[in-house]
Each structure stands twice: as C-alpha cells, then as structure tokens.
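Take the given structure of chain A and dock chains B and C to it, following the hints.
Protein chains in written order, with the numbering used here: chain A, 396 to 557; chain B, 396 to 557; chain C, 396 to 557.
Note that these hints are calculated values from the structure, not bench results. The hints are all genuine.
Put simply, identical chains are the same to the list, so a pair is met inside one copy or across any two.
Straight-line alpha carbon distances no greater than 25 Å define the calculated SDA-like cross-link-like pairs of lysine to any residue that follow:
(1) Lys511 x Glu441
(2) Lys436 x Glu421
(3) Lys436 x Arg512
(4) Lys511 x Glu421
(5) Lys511 x Leu548
(6) Lys436 x Met515
(7) Lys511 x Leu449
(8) Lys511 x Pro448
(9) Lys436 x Val554
(10) Lys511 x Leu525
(11) Lys436 x Arg424
(12) Lys436 x Asp513
(13) Lys436 x Leu406
(14) Lys511 x Arg420
(15) Lys436 x Met459
(16) Lys511 x Ile451
(17) Lys436 x Ala514
(18) Lys511 x Leu452
(19) Lys511 x Leu549
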Amino acid sequence: MRFSADEWLALHELHAEYAAVLDARELDRWPALFTEACSYKLQSRENHDRGLPLCILHLDSRAMLHDRVYGARETIYHDPYVQRHVGGPPRLLAREPGEPGDTLVTETPVIVVRTKRDAMPEILVAGRYLDRVVPTADGLRFAQRWLIFDNDLLANSIVDPA
Amino acid sequence: MRFSADEWLALHELHAEYAAVLDARELDRWPALFTEACSYKLQSRENHDRGLPLCILHLDSRAMLHDRVYGARETIYHDPYVQRHVGGPPRLLAREPGEPGDTLVTETPVIVVRTKRDAMPEILVAGRYLDRVVPTADGLRFAQRWLIFDNDLLANSIVDPA
Amino acid sequence: MRFSADEWLALHELHAEYAAVLDARELDRWPALFTEACSYKLQSRENHDRGLPLCILHLDSRAMLHDRVYGARETIYHDPYVQRHVGGPPRLLAREPGEPGDTLVTETPVIVVRTKRDAMPEILVAGRYLDRVVPTADGLRFAQRWLIFDNDLLANSIVDPA
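Okay, chain A solo, but in the shape it has when bound (with noise of 0.2 Å):
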C-alpha cells in the first residue's frame, strides 16, 4: 500500500509543521492541527500493545488539548527544557475512502530529543505515531496522533505535547 505523490508531499507537510511547532514550543499552534474532534495519546507501548487503557495523556478534542497547552504554560513548574522530533519515512497502514478525501492510517517511528540547560542533548521518547490524517478545507489534519513509546521508563514527567 502506496502513498501518492501529492499524499506524501502533503502528509509531510503536516509532520513538519507538527514537530516545527512544538520544537519551537509554539504551543498555541498545536491545536490547530487537530480536527475538533480528535485523539491525542501518549502511551506506553508495553499497555498499547496489550490493549490496556492507562496512558500518560489522553485529550479528546481540540479544547482539551488547548487546555493542556495552558496547563504546560501556566501551571506547571519544571526545568525548562527544548523538544526536537526526527522521525523516520511514514507507513500507510491502510486508506479509508471518503469526501473530500481519503482517511490514511500511518505509522511513523519517531525519536524525540530533549535539551535542558547546560546539558548535552538526550533521547526523551522513542517510538512511533499512529496517526489518522483527514483533509480538511485548512489541509490535511490529525483526527488521531498517539504516540506510543517504546521506553516504560520516562526521564521525569513530559510536560509539553511531544
């Protein structure tokens, strides 16, 4: 199963512009690349893999994950800390037909690196999203992004989105 050029150029686009935002920590644009109604996860592969519910973070909605951008910003206090995602090619696990376009279901493997102050750069997260990306009239949206990281052990509670 195949991505079309203008899928691949598209999806990308999107992927950039999602680890753009939040390596730059430009919270208040995280949303916006949500559906409204939507799944944002952040799982331990170990409890996905076994089908078990517990996970770090789970919103909803677009509302929700604004309300978790102004948890990230005003109520929480850690040592500040800056994000930068790589990730490897997308797999497209399967296309759903519909208007105006199709749903592709995608995988794609992610590394997240994390710099603190006066420190050397560490891997914070490794693992893979599993995304369904819709078009919308802004352009191609997640009506879901989980993040399921390989590592059940994490280098002190992740504040920001990842």
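Chains B and C in isolation, oriented as in the chain A frame:
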C-alpha cells in the same frame, strides 16, 4: 543522480516496512523483504573501509535469514530490548538498467535506538545502509542490505537483525 | 506552503549528499555544495533567538569554507570521531521567485550523532538547519546553511563542519 517520484515512493515503502518489521519484532516477516539469493551484512565501518572481510553477521540467502530469525528467537538468551530505526533520506549511488526494472544502488543513514525494560533509550547503532534494491513480482526487495556501523564498540552483542 | 515533487526530490538529493560528504569525512567535497557567496553558520539556539551575533563558526564564502576544511584537516589536533547526520522532513518557509528557478527557504530538523573510537555513539548536536537553497548550473546549492543547535553546551569543541 536522482530518484523518480515513483522510485522514491516505492523505496520508502520498502524502508518503512523494513523498519516496522524489526521494530515490532515481527522477525518472521523480515526474510520476505529480501530476494531469494541476497546479501545481508552487519559490519563495522573500519573493516568495511579497509576492505576487510570480518563482520558481525553475514547471511547470503533467504534461508540463512530464516535461520538467523530462528536463532534470535529460540536459542539466544539475552536481556530483552526493542529497536527503533530512524533514518535520513536515501541517496542514489547508481542505477543499473534491467528487466522488469532498474536495480537501485543506494546509501541511507540510520540510527537504531535500543530500549530495554526500565531503562532510557540509547543509541545502539549509528551508520548507514548500503543497499541494492531490485523490482520483483512482490514489489521492491533487497538483493543486498549491508548495515555499516560507525561504532567499533557494540553495546553487548546484537541479537536481532538491525 | 508545499514543495513540488521535483523540488522534493532535488532538495533531498542535496541534503543526502551534504550528509554523506560530512559523514564520510570527504571534507574537500563540502564547499562545492554551496554557492560562491554563501553563509554557513553554527550558532546556539539561544543566541539565534535573541538576535545575538555570537556563534561558533561563521563563514561567508566558498573560499572560507575551503579554509575551514584545511584547518579541520591540517591544523587542529583532536580526538578522532565520525559524524552521522539524521534529519526529519524539510519544511518550506518561503519561496522566492527567480531565474533560473525559485529560491527555497527551508527549515530541517537534524541530529548529529558522533562516534569516537572504542565508544558508543552519542548525540553531538540536536537542532535545525535554516537554509536558502538556489538552483545553479550544477543543481541545487546552499546560498545559506545555518545549523542552529539546541544545546548551549557542546561536547568539546566541534572540529568538522556539521
């Protein structure tokens, strides 16, 4: 020398499938990504650059790949870990005309991140793939995939193919 | 804002070549990837974001790039290491119409992994490239390549260009 858009999409489909199979530890699906006669090698950069034959692993048929999978699964006792492959863009080194299609000789940078239980992710391998990719009735397949790793020191023996 | 398929392929050819040249330490081939007048900068994110001029390295002609290569090769004594560049998808920030083709202003996340002899790979730099890429008779070339790195701490001085 440049890929066509079709080659780019087909090659990334193969690369993404390869990474997904190993990262999900679905090792039984690994040999099917190679041609029947093939060359899989895991070799240090130092030995590769000097033309020395010594390498960690050298398998030259799909049957040997199956044998290695059996070994990794059934006979080797080791501390469990999972892999995550993240790569840079492939580079076209040569194109060899043929039927039903050209053989693509490519080079692709890669890092393999390893995560053990209750531990943070760490870089297991940094290096590059040297591949020969050929069209078959089932799509593109590896006639050659050599992982040339930069690190002459390896964090314990590598058990799974990488 | 989106790349055309041709731009995507041409840009990745340049990116892959750039990484391959540095990772193979074929430094003599590095300046040829830039235009005659050019800007190469290695700067911390903190200084870049504040508009401060201080940076690790700033070279603004191909001749200066050659000079730096000579320096890295002949005059600096250092613990040998090799690099491995792995990047995310590029993002098109602006397109400036021109002849014989548009200038592409892009941003690309990158991590550079460094491996020393008898040591495991480690992340040397996490950051992003801020590029201006222009068409020339020899294909796309960098009129600007700035590596803005997240880590204000650097693991020893960087010797080779990155």
